[in-house]
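Chemist: Each chain is listed here by its residues.
2 protein chains.
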Amino acid sequence: MADAKYDVLGIGNAIFDVLVRTDEAFLSRHGMARGSMALIDEARAGAIYQDMGPATEMSGGSAANTIVGVANFGARAAYVGKIKDDQIGRLYAHDIRAAGVAFETMPATDGPATGCSYILVTPDGERTMNTYLGAAQDLTPADIDEAQIAASRIVYLEGYLWDPASAKQAFVKAATIAHGAGRQVALTLSDSFCVDRYRDEFLELMRKGTVDLVFANEAELRSLYQTADFDSALKQFRVDAKLGVVTRSEKGCVVAAKDGVTAVPAFPIEQLVDTTGAGDLFAAGFMFGLVRDAGYENAGRLGALAAAEVIQHIGARPQTSLKELAQQNGLPV
Amino acid sequence: MADAKYDVLGIGNAIFDVLVRTDEAFLSRHGMARGSMALIDEARAGAIYQDMGPATEMSGGSAANTIVGVANFGARAAYVGKIKDDQIGRLYAHDIRAAGVAFETMPATDGPATGCSYILVTPDGERTMNTYLGAAQDLTPADIDEAQIAASRIVYLEGYLWDPASAKQAFVKAATIAHGAGRQVALTLSDSFCVDRYRDEFLELMRKGTVDLVFANEAELRSLYQTADFDSALKQFRVDAKLGVVTRSEKGCVVAAKDGVTAVPAFPIEQLVDTTGAGDLFAAGFMFGLVRDAGYENAGRLGALAAAEVIQHIGARPQTSLKELAQQNGLPV
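Order-wise, the sequence lines are chains P and H. Residue 521 in our numbering sits at position 245 of the first sequence, with consecutive numbering throughout. Residue 306 in our numbering sits at position 30 of the second sequence, with consecutive numbering throughout.
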């Protein structure tokens, strides 16, 4: 196997976040499912935005947040995602490159604008996302560079890629190249409603071995196996996934390997401000631990640390050095 | 005098803020004057942005921040400023309207993009701004609506308006209409370098009575009178301005009226995060106090309270209800 150029390469929907603090009444008024990600069209985007308060904007996108986290820990990271060459797309490209991530996907020059998500943060810190995919709809297999994928130790894919028309073909192409080069493929199940839309396909990806490592939170795991019983879902997950990691909010995470289950506690926080990016940054820390050969327990701790950082401020990108934070907490970097 | 429709109407350069935490070395490397606002052209904007870390974006602009603060306190507020009808301009228009501010200035359909400022926040919380005026350069007297100005109790203008080519004509037109309708005109001196560029003109505005109320911080006051001695500068300020207010950071503020000087302490804070908007929000609270006839001391306290809120988080727009904050602190609303 050739030396890797990147530790982790992520592929996902490139989304600009428009974040606003709001109340529960806003969610009810707009018929939003609390804590979920809903896809919206331009008309609904307009209606929601019209009614939203003043916002803070920053680059987002689930896999992109993860990859920025990986780079922030000090690993070599790359991202593949489709923006348009518009004002917001240029902010997006700047932010991810400035975070130290290689980002070479050709932006669209026509078609829909760079995608965005209206993220409503309620007083309890929960985020409810409304995503207009925009240019992210136009990610295709042509955006997958074979040499770049083959040169990445872990290729990380988001379940949200099943939503755009041709991104799943890009996904499968990338996974095939990665495995051909002896690399690992990781998948996040993204969202329980997303699992509900693509349950059979996600299960097939796991059972056929298209993906090696799968991240899920409790709601996604329950949705995957259509059960309310965590233990039985976890049991099935261990059968289907080569390596599964289940995040459980304040209960920490469970690393489900074939040869055993490791529970890792959550990292203590002072104040929960905004859960946006919690799962994304957990995955960043966990994969960083894997590429550093730190063992599952330390990988889980690194994930918990990164998640704890991101939920204590608005927005899904780290605001401090995760590398320094890990060092301060005696974790391997 | 007819009933007013607005308590405060602000006129300023409409600027989208691109905020990033950085270190002192970045400022040195780019030859920036710490704590100042520098005007930059497109080439320099590109060079600075290229070198900047991942950012958080939000709507800004000095007078706009003030007006959003006035609305947030619960007063009736309007804003006049030039954006372009582009993606960033649309974010801008949304944010100010969503804050409860009337904003009817026709956006430019061609010419430069909506203006933006690269704001570098150093570890001590100080902000250094680099502003590309963009569409704000195209504010003209035609953007001043006579009826709207005449219906506003206070017309608030920023010294930064002296930078674009024709905005000062808009400024003078607005001041003339306001006085013709028996309204008050307020001016902020904006920045010590701005004072240095337009010292004589600012002094003339005060001495001729074009402006009734003048906001300055210590550095601006010293620049205005080209002296390091605060007391002698204040003495001259009392002669020149009908009513002057000097903000002094952690030393609070001084309200300099013809019949006496009132010192008001700063509001205590837990942690200084980012001084962006401190002066803007002070002016918001002070003018809110004036329109509520709360007296200079309470006006100063309301200003101090609003400034304290805004310097404890990233960005120049309030993130909590200033009205509730004032009520909690026993101040008149």
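The set of hints was computed from the structure by calculation and includes no laboratory data. Please read all numbers here as calculations on a predicted model, not as lab measurements. It cannot be assumed that every hint is accurate.
Note that identical chains are pooled: a pair holds if it fits in a single copy or bridges any two copies.
Claimed, not checked - No farther apart than 25 Å at their CA atoms in a straight line, the calculated lysine to any residue pairs in the SDA-like style are these:
id, residue 1, residue 2
1, LYS449, ARG524
2, LYS599, VAL549
3, LYS511, GLN547
4, LYS518, PHE469
5, LYS511, GLY485
6, LYS444, GLU494
7, LYS511, GLY387
8, LYS518, ALA389
9, LYS527, GLY456
10, LYS534, GLU600
11, LYS518, THR381
12, LYS484, GLN595
13, LYS599, PHE506
14, LYS484, HIS370
15, LYS527, GLY329
16, LYS484, ASP386
17, LYS518, THR596
18, LYS511, ASP362
19, LYS281, GLN604
20, LYS599, THR398
21, LYS599, PHE469
22, LYS599, ARG297
23, LYS599, GLN547
24, LYS511, ALA389
25, LYS599, GLY329
26, LYS518, ILE545
27, LYS444, GLN603
28, LYS518, ALA441
29, LYS281, GLY606
30, LYS599, HIS589
Chemist: At 25 Å max between alpha carbons, let me know whether LYS527 reaches GLY329 within a copy, between copies, both or neither.
Modeler: neither (33 Å within a copy, 33 Å between copies)
Chemist: Under a CA distance limit of 25 Å, which applies to LYS599 and PHE469: within one copy, between copies, both, or neither?
Modeler: neither (33 Å within a copy, 39 Å between copies)
Chemist: At most 25 Å between CA atoms: does that hold for LYS511 and GLN547 within a copy, between copies, both, or neither?
Modeler: neither (33 Å within a copy, 47 Å between copies)
Chemist: As a check of your reading, is LYS484 near GLN595 (CA-CA no more than 25 Å) within one copy, between copies, both or neither?
Modeler: Neither: 38 Å inside a chain and 49 Å across chains, both beyond 25 Å.
Chemist: Using 25 Å as the alpha carbon limit, work out where LYS518 and ALA389 are close: within a copy, between copies, both or neither.
Modeler: neither (38 Å within a copy, 51 Å between copies)
Chemist: Checking LYS511 and GLY485: alpha-carbon separation at most 25 Å within a copy, between copies, both or neither?
Modeler: Close inside one copy (18 Å), not across copies (80 Å); limit 25 Å.
Chemist: One pair to classify: LYS599 and GLN547, alpha carbons no more than 25 Å apart. Within, between, both, or neither?
Modeler: both (21 Å within a copy, 24 Å between copies)
Chemist: Please work out whether the CA atoms of LYS511 and ASP362 approach to 25 Å or closer within one copy, between two copies, in both situations, or in neither?
Modeler: This pair counts as neither: shortest intra-copy Cα distance 46 Å, inter-copy 52 Å.
Chemist: Cα distance capped at 25 Å. Does LYS599 pair with ARG297 within a copy, between copies, both, or neither?
Modeler: For LYS599 and ARG297, the Cα distance is within 25 Å only across copies (17 Å; inside one copy 29 Å).
Chemist: Quick one: LYS449 to ARG524, C-alpha cut-off 25 Å, is that within a copy, between copies, both, or neither?
Modeler: neither (31 Å within a copy, 61 Å between copies)
Chemist: Give the relationship of LYS518 and ALA441 under a CA distance limit of 25 Å: within one copy only, between copies only, both, or neither.
Modeler: neither (28 Å within a copy, 66 Å between copies)
Chemist: Is the C-alpha distance from LYS534 to GLU600 at most 25 Å within one copy, between copies, in both cases, or in neither?
Modeler: Answer is neither: 33 Å inside a copy and 55 Å across each miss the 25 Å cutoff.
Going through the hint list in order, the structure does not satisfy hints 1, 3, 7, 8, 9, 10, 11, 12, 13, 14, 15, 16, 17, 18, 19, 21, 24, 26, 27, 28, 29.
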